[in-house]
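Chemist: Let chain A serve as the given structure and place chain B on it in line with the hints.
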Amino acid sequence: MRTPSFRQWRPAAFAALALVALAACGRPTSTSSASDAASRVYVAPGEKDEFYAFFSGGFSGQVSVYGLPSGRHFKTIKVFSQDPETGYGYSEQTRAMLNTSYGNVPWDDSHHPELSQTAGVPDGRWLFINGNNTPRIARMDLTSMETAEIIEIPHSAGNHASPFVTENTEYTVAATRFSVPTPQRDVPIDTYRENFAGVLSFVKVDSSTGRMALAFQIRVPGYDYDLSSAGKGPSHGWVFFTSYNSEEASTLLEVNASQRDKDFVAAVNWKRAEACVAQGKGTREPARYAHNIVGPDHIARTEWGTSVTVITPMNCPGLAYFLPTPKSPHGANVDPTGELIAAGGKLATVIPVFSFRKMLAAIEANAVDTVIHGIPVLQYDAVLAGEVPEPGLGPLHTEFDGQGNGYTSMFVSSEVVKWSTTTFQVLDRIPAYYAIGHLMIPGGDSRKPWGKYLIALNKITKDRYLPTGPELTQSAQLIDITGERMQILLDFPTVGEPHYAQALPASLIQDRQLKIYDLAHNTDPWAARGESEAGITRRGRTVHVKMTAIRSHFMPDNIEGIQVGDSVFFHITNVEQDWDVPHGFAVTGINNAELLVMPGQTRSIVWVPTKPGVFPFYCTDFCSALHQEMQGYVRVSPRGSSVPLTANTTRR
Amino acid sequence: MRATALLPTLLAALALAACGGKADAPATAAKPAADALTPFQLEHGIGPVTAPVELAALDQHEAAEGKVLFDQRCASCHKTNERYVGPPLGGVVGRRTPAYVMNMMLAPDQMVQKHPEAKKLLGTYMVQMPAQGLTTEQAREIVEYLRTLPAPPAQ
Numbered sequence: 000m001r002t003p004s005f006r007q008w009r010p011a012a013f014a015a016l017a018l019v020a021l022a023a024c025g026r027p028t029s030t031s032s033a034s035d036a037a038s039r040v041y042v043a044p045g046e047k048d049e050f051y052a053f054f055s056g057g058f059s060g061q062v063s064v065y066g067l068p069s070g071r072h073f074k075t076i077k078v079f080s081q082d083p084e085t086g087y088g089y090s091e092q093t094r095a096m097l098n099t100s101y102g103n104v105p106w107d108d109s110h111h112p113e114l115s116q117t118a119g120v121p122d123g124r125w126l127f128i129n130g131n132n133t134p135r136i137a138r139m140d141l142t143s144m145e146t147a148e149i150i151e152i153p154h155s156a157g158n159h160a161s162p163f164v165t166e167n168t169e170y171t172v173a174a175t176r177f178s179v180p181t182p183q184r185d186v187p188i189d190t191y192r193e194n195f196a197g198v199l200s201f202v203k204v205d206s207s208t209g210r211m212a213l214a215f216q217i218r219v220p221g222y223d224y225d226l227s228s229a230g231k232g233p234s235h236g237w238v239f240f241t242s243y244n245s246e247e248a249s250t251l252l253e254v255n256a257s258q259r260d261k262d263f264v265a266a267v268n269w270k271r272a273e274a275c276v277a278q279g280k281g282t283r284e285p286a287r288y289a290h291n292i293v294g295p296d297h298i299a300r301t302e303w304g305t306s307v308t309v310i311t312p313m314n315c316p317g318l319a320y321f322l323p324t325p326k327s328p329h330g331a332n333v334d335p336t337g338e339l340i341a342a343g344g345k346l347a348t349v350i351p352v353f354s355f356r357k358m359l360a361a362i363e364a365n366a367v368d369t370v371i372h373g374i375p376v377l378q379y380d381a382v383l384a385g386e387v388p389e390p391g392l393g394p395l396h397t398e399f400d401g402q403g404n405g406y407t408s409m410f411v412s413s414e415v416v417k418w419s420t421t422t423f424q425v426l427d428r429i430p431a432y433y434a435i436g437h438l439m440i441p442g443g444d445s446r447k448p449w450g451k452y453l454i455a456l457n458k459i460t461k462d463r464y465l466p467t468g469p470e471l472t473q474s475a476q477l478i479d480i481t482g483e484r485m486q487i488l489l490d491f492p493t494v495g496e497p498h499y500a501q502a503l504p505a506s507l508i509q510d511r512q513l514k515i516y517d518l519a520h521n522t523d524p525w526a527a528r529g530e531s532e533a534g535i536t537r538r539g540r541t542v543h544v545k546m547t548a549i550r551s552h553f554m555p556d557n558i559e560g561i562q563v564g565d566s567v568f569f570h571i572t573n574v575e576q577d578w579d580v581p582h583g584f585a586v587t588g589i590n591n592a593e594l595l596v597m598p599g600q601t602r603s604i605v606w607v608p609t610k611p612g613v614f615p616f617y618c619t620d621f622c623s624a625l626h627q628e629m630q631g632y633v634r635v636s637p638r639g640s641s642v643p644l645t646a647n648t649t650r651r
Numbered sequence: 000m001r002a003t004a005l006l007p008t009l010l011a012a013l014a015l016a017a018c019g020g021k022a023d024a025p026a027t028a029a030k031p032a033a034d035a036l037t038p039f040q041l042e043h044g045i046g047p048v049t050a051p052v053e054l055a056a057l058d059q060h061e062a063a064e065g066k067v068l069f070d071q072r073c074a075s076c077h078k079t080n081e082r083y084v085g086p087p088l089g090g091v092v093g094r095r096t097p098a099y100v101m102n103m104m105l106a107p108d109q110m111v112q113k114h115p116e117a118k119k120l121l122g123t124y125m126v127q128m129p130a131q132g133l134t135t136e137q138a139r140e141i142v143e144y145l146r147t148l149p150a151p152p153a154q
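Protein sequences appear in the order of chains A and B.
Using numbering that gives the first Met the number 0, you'd call the opening residue of the first sequence number 0 and step up by one each time.
Using numbering that gives the first Met the number 0, you'd call the opening residue of the second sequence number 0 and step up by one each time.
Just to be clear, a hint being listed does not mean it is correct.
[As the list claims (entries may be wrong)] Among chain A residues calculated to face chain B with C-beta under 8 Å, some are: (1) Thr190; (2) Gly529; (3) Arg550; (4) Glu575.
Just so you know, the hints here were simulated from the structure itself, not pulled from any lab data.
All C-beta atoms, glycine included, are put in the ideal place defined by N, C-alpha and C.
So that you can see chain A by itself, here it is in the shape it has in the complex:
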């Protein structure tokens, strides 16, 4: 079992100390704000947090799980990056998870966790996250908190505006950050305008199994597509994507993509898209992509996609509209009523808020400035509900509390701004330390936010913690939003860069957590569901060892007859059926990873010994009083040796 490092529980420890010091018998004697804040984030030993929060790992490629309000880190879910600590991405059962059309890509840049929703509310079934580098979407199962599936997105480059879901998780979307030639081909970069395009991908999610399938792609102008959010309630059936670089620059974008006064929010009617696809208005284009799925036997396998249906706004009128939006917008966030769409223009001086109702009226009235590649550009004033004036510098991303307030992160002025969704006036502001990117309210992108806390997700910490050399942690800040004024309660460090997060009440999922995998239903072909099934076989230069692990021995634990250069597959089955008893496996000099095997599970790793000798293996996860005794030996003989292949399976 891995314990969080000291830094992760330190805030709670300080909170505890502060509480103990100031309120020795549980009754605060001081009302100073520090002790007040401490008591509000203090979760006593043995008590549980109120919310689960899932943070993106950014360049770590993973997802980390925290409790709120304590900010305690519970787990890092392995998603896009190999993890030698557990063997994820190295073991025979998990290697295929990282297959792509580019080969095995053992890392990614994970940005936006997104909980599945039913009727516009997080339902606690699945969590999705995008891989930004090699375009992918992963789906995690929230009963095991493990990655269940990863699908690659072809024709895309930089899967940033992803994986936001529609109201009932009909789709998870994936829009390309970088426009590229689609399909990919060898062209001069300065032919950008002729040859480059963007794609908005709609990935269907099976409502009972969660299984993803690439339904269709919409080919759109060659802009950079940044973020999105789905309509809800009255706007159900639409998805809103921000775009920038409507200048279609291909060099020095920080200058050349910031020329125009306005870029666009693309409003896409996905029900219309479905109708066009059904009417055969799409074309089937070749596209090779990997779809990696963990089967009922807990083994990941790759299915290869070979083509995708592509539609264009030109061939499907009514599919998409552009809403002019000031200055390189980042977020396009739909409020809980489904009527308002707040767009954060990174370089803008206002936060424009669009009205869905007015957008429909503008379409009806043909209030159109121009048409780009079949996409009508609606008149700004015709679709505007209001502008939040002087919000600060660099509005990025907005969530809502369900009480008629929006909260927008301001990257440049590093603050959170609270504004009214009826008057569009700024009501309050609070600094973030430092360089806030996204923010998150539990359910704050849904129809029913749990508007108690807000998390600021910060890129830079500078002087906030003890310094750790040139590389410093990123951080999250917990802000109480129940009062008129926002109040900062807690800073805590994060694993990798927290681009975005999601949270939901713990009560929705905590009782559904798996404790073990059922050994009787372990169908891994190399499982040893008991010592009688343990053993060893040789097939040419490959040796398979089926080994059981239980507190506290491996069986077999003496292996002879291995030769230098053999590929030795250790298939370890943890035959425990008790909660929180993983076993580890490691052998001297193994070149890939150790294994961490959960109760009832089988994991396999290959070892190619390079020299003769006798090499120990042992359990790397402290399991019992006799954990130090949980060990064994492998004898490796020179190639061609006559030592017979043996493994003790019954000897005491």
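Modeler: Structure of chain B alone, referenced to chain A:
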């Protein structure tokens, strides 16, 4: 089990007493026989099985189910006729009551900490028996299987 249930109350009482608050329970509620076992527990063990289990004629079907479970969940540490990690189990139903055997399977932590016989065995074998996530019904099936095993020759 009774002692476990009392523990939080005792702790709460102590905590309140330490803070000088009013205690709902007497702060000195050290019941003299808190960890003494009842005659039932001595005979049938400590755990979820709290009534004697009567054996009828051997149920072959249940015994077969029990063998499958035994091979997966028990045989990594127990053989039937010789010492392995734990004691041999041939003839155990007879040496112990069926309820005792079931409680040992279902609540080995409690048994090893509190029952004099289980404590003695821990002293001999040195390995804390892990709980193997069995249901009461599964434990009963394993008892049925264990009934089919002859006692090993005298050690």
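Chemist: Checking each numbered hint in turn, tell me which of them this model violates, lowest number first.
Modeler: 1
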